Structure formats: C-alpha cells, structure tokens
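Participant: Chains as they are written, first to last, in our numbering: chain Z, 1 to 434; chain B, 1 to 251.
The hints are simulated quantities; they were obtained by calculation from the structure and are not laboratory data. These numbers come from a predicted model, not from an experiment. Any given hint could be a false lead.
[Unchecked claim] Okay, derived cross-link-like pairs now, SDA-like style, lysine to any residue, Cα gap no bigger than 20 Å in a straight line: (1) B:134 / Z:20; (2) B:96 / Z:24; (3) B:96 / Z:312; (4) Z:312 / Z:399.
As a plain string of letters, each chain reads:
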Amino acid sequence: MWLFLIKYTASTYKETLLLLRDRAGLAMLFIMPAALVMIMTLLQDSTFKVLEEKKLSVLVVNQDADTFGINIVDGLKQSKFFHVIDSLNGKVLTESALREQVAAGDYQIGIVVRPNATRNIRENMKYNMLQQLPDEHSDVFGSDSIALSPPASIEVFFDPVTKNSFKQAIISALREYSSLVEAKVMFGVYSGVFEDMLGIKLKQQGMSTRMVNINEQYASTDEHLAVPNSVQHNVPAWAVFAMFFVVIPLAGNLIKERESGVSLRLRTMPGSDLAMIMGKVTTYFMVILSQAILMLLIGIYLLPLLGLPQLKPGHHYLALFVLTATISLAATGYGILIGTIAGSQEQSAIFGSISVVILAAIGGVWIPVFMMSGVMQVVTKLSPLNWSLNGYYDIFLRNANLMDILPNLTALFLFFVTCVSIGWWVNTHKNQPV
Amino acid sequence: MTNKQDFIEIKGLIKRYPHAEANAVDHLDLTIAQGEIFGLLGPNGAGKTTTLSILCGLISATAGSVSIDGLSMKSHPDQVKQLIGVVPQEIALFDKLTARENLLYFGQMYGLTGKSLRNNVENYLRRFGLTDRKNHRIGNFSGGMKRRINLIAGILHQPKILFLDEPTVGIDVHSTNVILEFLREINQQGTTILYTSHHMNEAENLCSRIAVIDYGKLMAVGIPAELIRSHAGCENLEDLFLQLTGRKLRD
Ligand SMILES: Nc1ncnc2c1ncn2[C@@H]1O[C@H](COP(=O)(O)OP(=O)(O)OP(=O)(O)O)[C@@H](O)[C@H]1O
Ligand SMILES: [Mg+2]
C-alpha cells in the first residue's frame with residue numbers, strides 16, 4: 001500500500017513535469033480546443049440563424065381569387081418563417097414560371113393554390129349540410145341540385161434537395177391555415193343558412209380567432225431559463241469533443257513509454273502497474289478538466305464579446321462540475337485503453353482520432369440528436385459523447401440537478417472503469433512471467 | 001555468510017516467440033553463484049536479451065524454469081524484483097526530464113523516498129562524474145552519459161543481483177572504463193552481476209566466469225582462462241568465440 005502510494009505520487013508528478021515541459025503540446029491542448037469552440041460556435045451560429053431567423057423564401061401562385069386562396073397567402077405572409085414571393089421581375093408569377101424556378105433550384109418551395117378552391121369547399125360544405133337537414137328543408141340553398149365537388153387542392157413543389165424539416169414545416173403550416181380557412185368558409189355557409197331559415201343576421205364573419213392556441217414552451221420548471229441557442233448546443237458539444245480528443249496525447253504518452261523501453265524497465269520493479277496508470281489518469285484528468293472549464297468560461301465570457309448569445313450555465317453548479325469531472329475521467333479512461341491496445345504511435349493516432357470523430361458524429365456533436373433519423377437516434381446512445389452532451393443539455397436547458405443526471409454520470413463512470421480495467425488487464429497479461 | 005552456489009538457476013529453459021520458426025533460447029542450463037560477475041556472450045540474435053528478459057520476469061518461458069535466490073518470479077514477484085536491478089540494452093529514460101528527475105523517479109518506483117533517496121542520487125551522480133549535468137535534460141546528453149544514467153537507474157535500490165544487457169555498447173573508452181570500474185567495485189561489495197556483451201576483451205578482464213551461447217544453445221561455460229586453455233588454437237576469448245560460433249563477433 002505504501003509502495004503503491006509512493007509510486008502513484010511519483011508517477012503523477014512525473015507526468016505533470018513531462019506535460020509542462022512539452023510547451024507546444026500543452027498549448028495545443030488548450031488553444032486548439034478554445035479555437036475550436038469559438039470557430040464552431042460562430043459557424044454554427046449562422047446556420048442556426050438560417051434555421052431560426054432567416055425566412056424561407058416560397059413562391060406562391062394563387063389561382064383561387066377567393067377566401068381560401070387569399071387567406072392562405074396571407075397566412076404565409078404573416079408567418080415569421082416564410083417570405084412569400086408572388087411576382088418575379090415585376091411580373092405576376094405563373095405556374096410554369098414557378099415550376100421552372102423550383103426545378104432550377106433557385107427556390108426550394110413553390111405553392112400553387114388551384115382554381116375554384118373556395119368554391120369547391122363551399123359547395124362541399126353545402127352538400128354535407130344538405131345530407132344532414134331534414135327533407136322539407138332541402139331547398140335552403142335554392143332549387144339547384146348540389147353535387148359533391150372535388151376537394152380544394154394546393155400543389156407544393158419541392159426542390160429535391162429540400163431538407164425534410166423544411167418540407168414538414170411548410171406542409172404543417174399549410175394544413176394549419178387550411179383548416180382555419182375551411183372553418184371560416186364553413187361559418188359563412190352556416191350564417192347564410194341561419195339568415196335564410198331564421199331571419200337572424202349574424203353581425204360579423206366570426207371564427208377569425210383561434211380557439212385552441214398552441215404555445216411552444218421549453219419544458220423547464222424555471223421561468224428564468226433561456227431557450228436553447230447555438231451557444232448552448234455548440235459549447236458543450238465541442239467541449240466534449242475536445243475533451244475526448246485528449247486520448248491522442250495520452251495514448252501517445254503510453255506508447256512512447258512502451259517504445260522507449262521505460263515501461264519494460266518499470267515492469268522489472270516491484271509493485272503494481274496500476275499505480276503508474278493511475279498517475280497518468282490523475283494528471284490527464286486534471287488537464288481535461290481545466291480544458292473543459294476553460295471552454296465553459298469561453299462560452300460564458302468570451303462568446304458574448306463576439307456577438308454571440310451568452311452561455312447560461314443553469315443553476316446547478318455542483319452538477320455541472322461533477323458532470324465535467326466524470327466526462328474528464330471517461331475521456332482519460334478511453335485514452336488509457338487506446339494507448340494499451342494500439343501497437344504503435346501511428347496506429348493510436350489514427351485509431352484514436354477517427355474513433356473520437358465517429359463517436360462525436362453519432363453522439364450528436366455535429367448534428368444535434370433531435371435532427372437525426374430514427375435509427376441514428378438509437379445508435380447515438382452507444383456513444384459516451386452522447387451521454388456527456390445530454391448531461392450538459394439537461395443542466396443548461398432543463399435545469400437538471402445532480403440526481404437528474406445520475407444515469408449519465410453512472411454510464412460515464414462505468415465507461416471509465418471498463419476502459420481502465422481492460423487497459424490494465426491487457427498491459428499485465430500481454431506478458432506473463434515464468 | 002557463505003556465498004550461495006545456485007544464486008541464479010536456469011534449468012532447461014526454452015523460449016519460442018509466437019510464430020517463430022526456431023527457439024530463441026534452446027534448452028539452456030546455467031547456475032550462477034553469489035558474488036560472481038558472469039558474462040553471457042553471444043553474437044547478435046543469440047538469445048542473450050531473451051534470457052535476461054525471462055530472468056527479470058518480463059516475458060514468460062515456453063518451458064523450463066528460472067529461480068533467483070531460490071524464489072521464482074511467478075510465486076514471489078515483488079520479492080524477486082526487490083532483489084534484482086536491471087539495466088536494459090536500450091536507454092530507457094525520459095528525455096524531457098533532467099538526470100536528477102529521472103533518477104528520483106526510478107528510485108521512487110522502488111519505493112525509495114525522501115532524503116535518503118536524494119542523497120543516494122547525488123552520490124551516484126558524483127561517482128559517475130555527472131554532478132554538474134544533473135539539472136540538464138537527458139535528451140541533450142551524449143550516448144556515454146545516457147548509458148551512465150541508465151545504469152544508475154538500475155542500482156539505486158542497491159540490488160543483490162544486477163542484470164546488465166550490453167551496458168557498454170556504442171560508447172567511448174572513458175565511459176566504458178567508468179562503468180566497468182564501477183561494476184568491479186560493487187561486485188567486491190557483494191553484488192552478483194550477470195551481464196551480456198559483444199566485447200570479448202572486456203569480458204575476459206571483467207568476468208569470473210562466462211558462457212557462450214549461440215542460437216539459444218549453450219556452447220561453452222567456465223572461467224575465461226580455462227576455456228581458452230582447453231580449446232586448442234585459442235589465444236583469447238575472441239578466438240574461442242570464433243571457433244565456437246563460426247562467426248565473427250560483429251557482423
Ligand atoms: N519479441 C520478439 N518476437 C519474436 N522474435 C524475437 C523477439 N525478440 C527477439 N526475437 C528473436 O529471438 C532471437 C534472440 O533474440 P535476442 O534479442 O534474445 O538476441 P540477443 O542475443 O540479445 O541479440 P543482440 O546481440 O542483437 O541484442 C532472435 O532471433 C530474435 O530475432
Ligand atoms: Mg540483446
């Protein structure tokens with residue numbers, strides 16, 4: 001036990017010295033991730049702005065000069081998501097021009113409201129009403145017989161490259177306006193019938209207000225919590241990425257020790273290898289932790305100076321610290337694992353970086369998980385970077401406390417234990433003495 | 001206290017590396033008494049490093065056994081490891097640490113601490129003429145200086161047995177002499193030494209007994225002078241070596 005402690009302290013001290021001596025390497029460990037966080041946040045901030053703030057241009061041809069067509073176009077115009085274009089170069093847009101523009105990829109979405117849409121809705125309304133009325137009232141709409149008309153129709157043309165999310169946005173917007181307008185038309189028909197049958201004239205065309213209002217809210221129990229923004233995605237995402245990237249210098253350190261014969265020499269000395277491994281874990285843990293703290297501080301203090309939103313770290317600082325520490329531990333463990341199983345510096349550098357990039361990709365660092373397809377949403381659960389990132393989301397966006405992120409912490413800690421155990425096992429069992 | 005005759009015992013030792021076509025060590029039997037300076041000689045690839053590695057517990061034997069002071073590495077690893085000091089063939093040090101930092105670190109790896117370790121390190125640095133270089137990084141040292149530090153790192157805990165794998169390879173006469181003189185000195189103080197070398201003259205002068213191995217097999221073992229006498233036409237170990245292995249020393 002005493003020997004273990006001596007070896008552990010000496011190893012920690014030695015690793016720290018080695019790191020401090022390697023100025024260039026140390027600078028890379030801190031400057032590169034800092035630059036990464038800033039650049040990626042700036043880049044992705046503009047993407048987020050495209051998504052959230054910049055309106056999507058849609059071409060619109062309204063061939064129904066009546067209530068339905070007019071209301072749909074107005075609805076789109078009033079929406080904060082769409083920029084409605086109904087004339088190009090001073091000329092009113094035609095359907096063929098619209099198709100051409102969309103096909104050429106100049107615009108992603110074109111909408112054509114077909115002729116007689118309003119009339120068709122009205123006729124169908126009347127037809128339906130007639131089916132319900134007793135026979136003696138079958139002449140409320142005059143003596144002409146009323147037949148079922150084709151449904152009102154809207155054509156939506158998409159550029160094939162249009163993102164699914166945009167398609168969904170436009171389709172659901174159209175659905176929403178359509179049902180509002182349908183209700184309006186229906187109200188008009190009913191009020192006509194009211195007047196004819198009962199002699200009561202309704203004062204105004206009602207139903208212009210919604211009866212159900214859907215408010216989008218972020219499910220957080222705290223009023224003061226901000227909605228997520230590019231900073232709140234990007235800072236933790238790239239911080240986690242950079243933290244795991246430390247596997248490369250750490251694995252390199254292990255392999256260098258093996259290639260220089262130092263680790264063989266150490267194995268001729270009494271006591272367990274675990275002390276040396278834990279020494280490395282401690283030193284690199286401290287490095288990764290400080291790196292992560294630096295990046296969070298950048299999010300809080302530096303990014304606002306660059307015109308980006310500020311990172312709001314939530315209210316549970318203890319949870320934030322414990323999570324960051326556990327991620328640091330997990331990243332260290334991964335480095336130890338790669339350093340012990342890789343055969344050479346090259347192997348570990350290539351395998352280390354590619355595997356971290358893959359884990360980052362499936363973990364939702366590049367593309368947030370909610371944008372991923374169904375299969376990927378399951379696959380993402382395999383990545384420790386996902387457990388890490390979700391922990392940060394929980395703290396930043398859902399105001400989670402230590403208990404709330406316990407599953408993430410447990411998973412990350414088990415990952416660390418597993419990695420180090422495998423690494424240690426491989427290390428000792430590769431060569432068994434007589 | 002009388003010296004133990006089978007202080008280091010190698011019995012029927014065989015080592016075949018995975019996927020190798022021949023044994024690197026082939027039915028080797030050797031006993032080394034306490035207090036000897038024993039030379040293990042052989043051309044490149046003879047199996048010297050392999051034999052030492054098995055003795056130090058770095059690799060496992062395919063068959064046979066080794067014991068040190070009656071203890072096997074398998075059953076008493078930590079006890080055996082405290083008994084032995086190892087000076088590897090390659091320079092196994094941290095380039096970015098100074099001579100002193102390197103030595104303090106390896107001393108601590110043996111469980112040494114505090115003032116006694118620091119004094120120990122200072123003494124050895126002085127003994128090897130490196131005091132004025134102690135705060136320089138090893139990376140900037142000459143080959144001979146690195147060899148000396150490499151040696152000190154293996155003896156800080158004052159081992160009873162010292163294994164050295166070609167401790168004088170590729171260094172100048174001065175450094176060689178410093179090292180050999182030191183080996184004689186600690187041998188007189190009771191340290192048993194097992195070392196490998198290419199330098200026959202060096203071995204002839206230094207060793208109480210030698211063994212010549214080739215292709216992992218023992219070719220001859222005995223006191224250098226007796227071996228030379230008993231082989232007709234040999235005037236020195238160099239001749240003997242050529243006769244036994246059919247090879248020049250350095251190919
Ligand atoms: N790790 C290994 N894997 C496979 N074969 C090995 C390994 N190490 C050594 N060998 C082979 O075993 C044989 C003995 O090698 P060893 O290193 O013990 O020789 P040596 O006497 O120390 O040589 P040198 O004088 O070059 O140091 C050689 O043929 C070598 O190629
Ligand atoms: Mg060798």
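Participant: Look at each hint and say if it fits the structure.
Facilitator: Okay, the hints, checked on the actual structure:
1. B:134 / Z:20: 19 Å, holds
2. B:96 / Z:24: 13 Å, holds
3. B:96 / Z:312: Violated. Residue 96 (chain B) to residue 312 (chain Z) sits at ~41 Å, over the 20 Å cutoff.
4. Z:312 / Z:399: Roughly 10 Å separates the two Cα atoms, so the pair holds.
Checked against the numbered hints given earlier, the structure breaks only hint 3 and satisfies all the rest.
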